[in-house]
Structure formats: structure tokens, C-alpha cells
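First to last, the sequence lines map onto chains A and B. Here the first sequence is numbered in our numbering, starting from -8 and rising by one per residue. Here the second sequence is numbered in our numbering, starting from -8 and rising by one per residue.
In short, the hints are calculated from the structure, not lab data. Wrong hints could be hidden among the right ones.
Pairs count within a copy or across copies, as identical chains cannot be separated in the list.
Distance condition first, Cα-Cα at most 30 Å in a straight line; then the derived DSS-like pairs of lysine-lysine [stated by the list, open to error]:
#, residue 1, residue 2
1, 27, 161
2, 10, 97
3, 271, 305
4, 360, 432
5, 445, 339
6, 305, 350
There are 2 protein chains.
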Amino acid sequence: MSEKVLAYLQDNRERLLEKLNEFLSIPSISTDSVHKPDVAAAADFVSNYLTEIGFTTVEVQETKGHPLVYGEWNGAGEDAPTALLYGHYDVQPADPLELWESEPFKPEVREGRLYARGASDDKGQVFMHLAVFEAYMKSEGSMPVNIKVCIEGEEEIGSENLYQVLEDKKEQFAADFAIISDSGMVDTGQPTVLYGLKGFTGLEFTVHGPSSDLHSGIYGGVVRNPAMALSHMLASLKDEQEVVKVDGFYDGVEELSEEERKLIADVPGENYQQTTGVEKTVSEKGFTAKEHMMARPTMEINGMFSGYQGEGTKTIIPSSATAKLTCRLVPGMDPDHIQQLVIDHLHKNLPEGVTMDVKPEPLSAKAYKVNPDHPLIKTAGDSLQKAFGKEAVYARLGGSIPVVESIDSIFHMPVVLLGFGTPEDRLHSPNESFPLESFDKGMETLVYYWDEVKNTSL
Amino acid sequence: MSEKVLAYLQDNRERLLEKLNEFLSIPSISTDSVHKPDVAAAADFVSNYLTEIGFTTVEVQETKGHPLVYGEWNGAGEDAPTALLYGHYDVQPADPLELWESEPFKPEVREGRLYARGASDDKGQVFMHLAVFEAYMKSEGSMPVNIKVCIEGEEEIGSENLYQVLEDKKEQFAADFAIISDSGMVDTGQPTVLYGLKGFTGLEFTVHGPSSDLHSGIYGGVVRNPAMALSHMLASLKDEQEVVKVDGFYDGVEELSEEERKLIADVPGENYQQTTGVEKTVSEKGFTAKEHMMARPTMEINGMFSGYQGEGTKTIIPSSATAKLTCRLVPGMDPDHIQQLVIDHLHKNLPEGVTMDVKPEPLSAKAYKVNPDHPLIKTAGDSLQKAFGKEAVYARLGGSIPVVESIDSIFHMPVVLLGFGTPEDRLHSPNESFPLESFDKGMETLVYYWDEVKNTSL
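All chains should be modelled from the sequences, with the hints used to inform the complete structure.
Following this line, the structure appears as C-alpha cells:
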């Protein structure tokens, strides 16, 4: 079956690339209200494409913000599995414009890469799925599984309305599993299946001392310096071996099995010194950097400030000091509980003579993990290997993709994360691009995947 | 003798206040080049006044910046002591103007206080000295001691050119002791002699991690967070009992004698909770807040910053983190040596995986202290008591006055700090004022002082 579909994709490659360029030419910047008509145009592009392909239900669902495009094709019958494709058609702003070598919304191919805002994140990868659906429908007249499509326009502004829609229309969006291509491979040419994501919680806290900045001569030695108090409190959170010292933080964290340590060891190591510019990497005592990043919880200071920040010296005792913290969580950790443990720790470690107020970050996410041996995951790895000619690696991501956690918690279904981006794609930065090799081999992967998945018993 | 002088001051009070208002009306803001002609006009006011009084040498000495007014009167003869009066005729900017209840350069008396920029700092106090000189010369035809006057126009911009002038013209400015009225009393109505000031040193240091901010998900657990490294380093500098943990920091610090602890205990305690707004004061283990502030070295964080400081959360590992530190020093501590000890401590406590660069603060000052039993100091206390009808207290200041240290180190002569300001004067702030009681009783104090000092054997 797949031969005809693959041939269709090859025969129509130029036309499909042109159609992708049309999609990429729409400046659907969701964060900028000036671009609201462009965001709507991108939604129309998706819905029109779904209609062309032959989706039987196509809806542009209005929300309080930007619309969500829903599509459905049930021609594979009741016995075939149903997959939910999630993606987004909105993009990040393109500025600073002067750093782009070609215009962000005039796609251009240079040295095997397609340059445009959204080429990788996520229009390019959404388009590959749609093109594969087209290839099936035009060459075979049907797709191997039932497909529901959910392409939103607010991913770059925090998916403000998505979760409520999914909750409200749970039945409409329900499926056997979800598939998302909005991520990347661990290295260029290294096919990757993500089987886990970290959860997330955070907070900001401010230590208050004197009611205004004080003269450090006249009041030095009399009042607690809030910046020093903050430093003591922050230092108490994590030791120099990168172990979090908050009571109960690691309770419930599942042990890293030998099998999984092996999987992680097989993921080709990024040269962290080179990519980050640090002289030496550090990681939690007892774990490698890759293990810590993929499979152990972390706590980071994202920002802090107090007192005078200009040139030279200003001899004050600052009236307050603030820090912003986030934690990345692994399965077994509840975001709200961890947030409370950190708050309790800060209260316990608040020095005499200062007070504190805490702003808990309202957004949070649980970690997500699927068994890497799950047939849907194994099939993804096998399909990648067939298309790219290289064994796939199974990796967990140190980051969070909130939509995955939401799909998991609303629908209790596995999420297949098949990302075709590469570390060189410059997401959210000037000169975003996507390799044409990923475009071709990615679509090939999807064809192998659908052909195989239709036989998977779920 | 003093009766005639005091009578002159009383008889001429209105005229003298008008003359002071003329001085205060000149917006001699040294930091703002727009006001350069006003600064020059204030210098002329001082030099003209000295000429009117009968000073035999009066010079407006040009510098690279604003001029310095020098005056000399040697009529008391070779056997009489020679005093050097230091003060400044420049003022701080007056903004924000909208917070002034009357215009900053249109002096106005309200409820016994004279409101104007410079009323207390330092035009008002300089003027009192000049008025007393006038009273002596006009009523007695002579002053009790020989007087040299040094009134500069750059105090509010760090006395940029003063120290070089003093070095270059050491012989011209040499005297038996110096007298300065550019400070205040510990409490309104509580006459105060300052017999010590703290020294000063500082530095800024930056901890560098990755070459740019990193995604806290993708790199969390792999690299050392510079903000956390900074917190550990800062926390290592001082413990929660406010004891500085830098090796050698307290070496050479002189013990606080029981006598001095008694003197300090006699200084009326400011209600620190009320003036600073803290719930609880803290001080170095083993010392009261007043002892710590006046007579023990301190270390303060004046500012720090790292990463994201805006609203909400940005999930980054910051590329760097910076802190600004200053120390206030007591006699026995060398500023350069202490600065180096702190730098050494930071290097020793720099965690793996980050680097550091240090910007030592180029300005520094040694602590200054004169024996509170020195006859020049005792005479100051006695004169204050006679004028204010209340026993004077002998206090050390937690702050630094760099000119005092310079006079001490260039001329090796005692400096008498006779300040008539009050804690309510709002120096450097909107609605600066000076109590007329200080004006009257301060001039009376100076008359008693000069009359007594002429007999002091130095």
C-alpha cells in the first residue's frame, strides 16, 4: 500500500513545497493583535486544506482568542484505531527583523534548508501530516486509520483557550491515541522518539526588609539586608552537588531503572560545553548530565533582583529582594505539592528581621511518560529507522509541553511525540529553518507509521 | 568677649537670615552642567563674603571642575592655633520638583524650619561659620584663632578635584586642626560630637555560566546556574548572626573598650523599627545594634541581578549573575587589604562550572577616629552643652566622609565634626530644611568654641 502513497509524495513534491510556502507566507503571529487577520487566514488555510483532502467534518471553532481548526475523517471504520493529530498554525514574532538573511514570511531554500518563520515550529511539521493525508486520500482514496485533527492558533501564547475547549468537547476530540510533531530530534540525522516530558511548577518570592532603601553607613549593622537573606534562602534550596535540599522533594520520584539508564546512555550526547559555552558541566550527584536532564527533577533560579543595578556603587541596603524559581518534575511528583514544599522550605528558612511574600506561578504541568516499549512507541521508532536508515533513539525531554500533559489527563490516552526538527532550526529566533531532508524523510516516516499502526491492537 | 559677639549675632539675625536666603537662592547644582554659572555664582558669594568680613587672602581657585574658595586670616598671631574650616557650597539636584511644598531655591520658613535645597547640606552650616566670623570681626575686630577656609563646589559629585588640590597646596591649607559642619545630631535637640567615621571599600562581581540564557528544560540539570552559584557565594560571606565569614576580616579590628561601650550606650537610641520599618533589628553577635552600626565593621549587598526580572515566569537558566558589595570599616582595617580578602574569599568559594570576574570599586576610605577625650573634642562637647543647655553625646558614624579621611591622611591633624543638622532635614530629598534653632544655637556654640579653643594647647 505504502508504495503508491510514497510515489504520490515524490511526484507532487514541488507542488507540495509550493503549498507549504503559501502557508508559511501568512504572518500568523498570535501574540500581536495587528496580525489577527493573518492568524485567521492561517486557520482558513488549514481548514480549506482539510476540506480539499476529503475530511468529512471541518470546523473553524471560534474561541475567546484565535480559532481552532477541527477536522474528522472516519472512513477507516469502527474497528480501526482513531488518532488525534495536534499541532499549531500560529508562530512567534519575527523580530529582530534585521537579523534575518531572507524575509521571515518569504520562504527561501538555501543549502538544503527551508528558511521561514514557522518552517519548523510548527507549520512545517503540521503541513507534513496534512500532505501525507492528501497522499493517502488521492492515491488510495482512504487513510489507514480514523483521523481527528486539532490545529490551534494560540500555542505561542500559552494555549490560552485550548484546554477549556478540549474539556468542553471531550467526546468530539476523543481518540485512541494522539500524535504530535512539534519537537525535534536529539541531533541532526538522528531519528528520535520522545517518550517522556517533564512537569513544571514555579514561584516568585520577595524578601522585604526596611520600608525603603537605607543608607548602608547609617543603618549597616542594624537591619537584616534582604538581599543577603534572599541569598541564604536560595543557597539553602540546593547544595553544590546539585541536590535539592527541600524536605520531601524527591519523595515518590521513581528510581531510574538500569534499562532506562541504558536507553539514556544510547542517546547521542550533545557536546554541552560547545553548545552552552560552559567550561564544565555539572549534574546531580550520582547521575550523568543526560540522566539529570531527561529523568531527574531540577530546580532553577530564572531571575533575581535587588537594590541598585546601575553602573558603579550606590551605598544602600535594599528594601527588598526577589527571586523567580521553577522546578522541572518527573513522574511521581505532583506540581502543587512540590510548589507547597518549596514555599514551606522558604518560610522555614526565612531569617529573623525580614518578611516574605510568595507569588505561586499559576501555570503548572505534571510530567508525562509512556512506556518506551508501548507498541505505538516502538512502531514510531521502527518507522523512523526505515525512513532515515538509522536506528532511532528513545529519549525523554527536560522540557515540558503542557498540551501533552493536558491530553494525557483529559483523555488518558498515549501521546506519540514524533518530532522532525533539528537542533539547528533556530526556533523563536531569526533565520528559523527546517531541513528538506526532514521534510522528505519525515513524510516517509509518517506513511510507514500509519500503515503499521492500523494493525496495532490498542 | 563672647557677649559682644553673641549680641552682634542677635542684633543682626534678620539681616543674616536674609543673606543666607540669598546664598540658598543660587541653584548651585554641581552635577548638572546647565548650572555651571550658578555654581560659579555660589563660589563668588562665598569669596565676596570672606572679603567683606576682612579675610586677608581670598582666592577662587579654578579646578578642572568647579572652583574652590580659599580664604585666610592670620591676625591671631603665630602663637594662636590655626583652624581649617572645610565645607561645600554645591548642592544636590532638587528633582522631583513636584514633591516640594515650596520652591527649592526660594527659601521659606515654616514652623521654625528654613526650607530650601542646601539649607542643611551644606550651605546653611557653612553660612553659620561665616556669620560667626563676621560677628567676631565686626564686633571685636579680630577672630580668636587664625582661620583658613576651604569651601569646595564638588562635594555632591565626589570631591573630584579636592584631594589633588590639597595634596598640591599642602602648605597653603596646613593648620593645627580642621573643623567641619556637614553632618547632624543623632536626634533633634541632642547636641552631638562625632569622633569617628567608618572607612569604606567595595566591589562588584559577576558569575558567568553559559554564553547565553538557556532553556531551563533542555539544559536544567546539565550546567551550573550562575544565580544559584552567586547565592551560595553571597551566603558564604556572612552568617545569620551577621558575622562576616571572610578569613582575616576582623584581624586588627580594635576591641571595643568598656568606656566606649558606655559612650555608645549614652547616645540616645533611634527607634530603628520606626525609622526603618523593620519588624526586628539584627546586629552582629555579641554587639548591640548601636555598637555594630557605630564601631564594628559591616558588609552589605547593595544590589544584585540575574536573568529575567519582568512579570511572570521565563524559564531560563541565566547566563550570568552580578552582585555589588560594600564594607564599612573601622580603625585597624586597611580598605585595599579587606577588598583583597573578600576577592580571595569569592575565588575560594566559586563553585565548579562557572567563572567570575571582579570589578574592585576604585574609591575607598580608611576609617577615622579621634580620641573622644582630645581637648578639641571635649571643648566641642562643652560648647554644645552651653548653647543647647543639654549634655552632648559623643558618637561615631556608621557612614564615611571621604574628605575627613583625606584631611587626616594628608595633614595628620584632628578633625572636629560639629554638625547641627537633624534627622528630619531630608538631605538630598524634596523639602530639605534646617531648624532655625540649630541656626541660632549652632552659631552660639561656635562662638563658645572659638573663645575656648584659642586657649587650648595643641
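Query raised in the report: Given a CA cutoff of 30 Å, do residue 360 and residue 432 count as a within-copy pair, a between-copy pair, both, or neither?
Result: Close inside one copy (26 Å), not across copies (80 Å); limit 30 Å.
Requested in this report: Check residue 305 against residue 350 for me: Cα-Cα at most 30 Å, and say if that holds within a copy, between copies, both or neither.
Outcome: both (29 Å within a copy, 14 Å between copies)
Report task. Tell me, please, which holds for residue 27 and residue 161 at an alpha-carbon limit of 30 Å: within, between, both or neither? Result -> within (27 Å within a copy, 74 Å between copies)
Query raised in the report: Using 30 Å as the alpha-carbon threshold, which applies to residue 445 and residue 339: within, between, both, or neither?
Result: neither (55 Å within a copy, 62 Å between copies)
Query raised in the report: How do residue 10 and residue 97 come out at 30 Å by Cα distance, when the copy is not named: within, between, both, or neither?
Result: within (13 Å within a copy, 74 Å between copies)
Query raised in the report: What label fits residue 271 with residue 305 when the C-alpha limit is 30 Å: within, between, both, or neither?
Result: between (34 Å within a copy, 24 Å between copies)
Figure legend: structure checked against the earlier numbered hints; the only hint not met is number 5.
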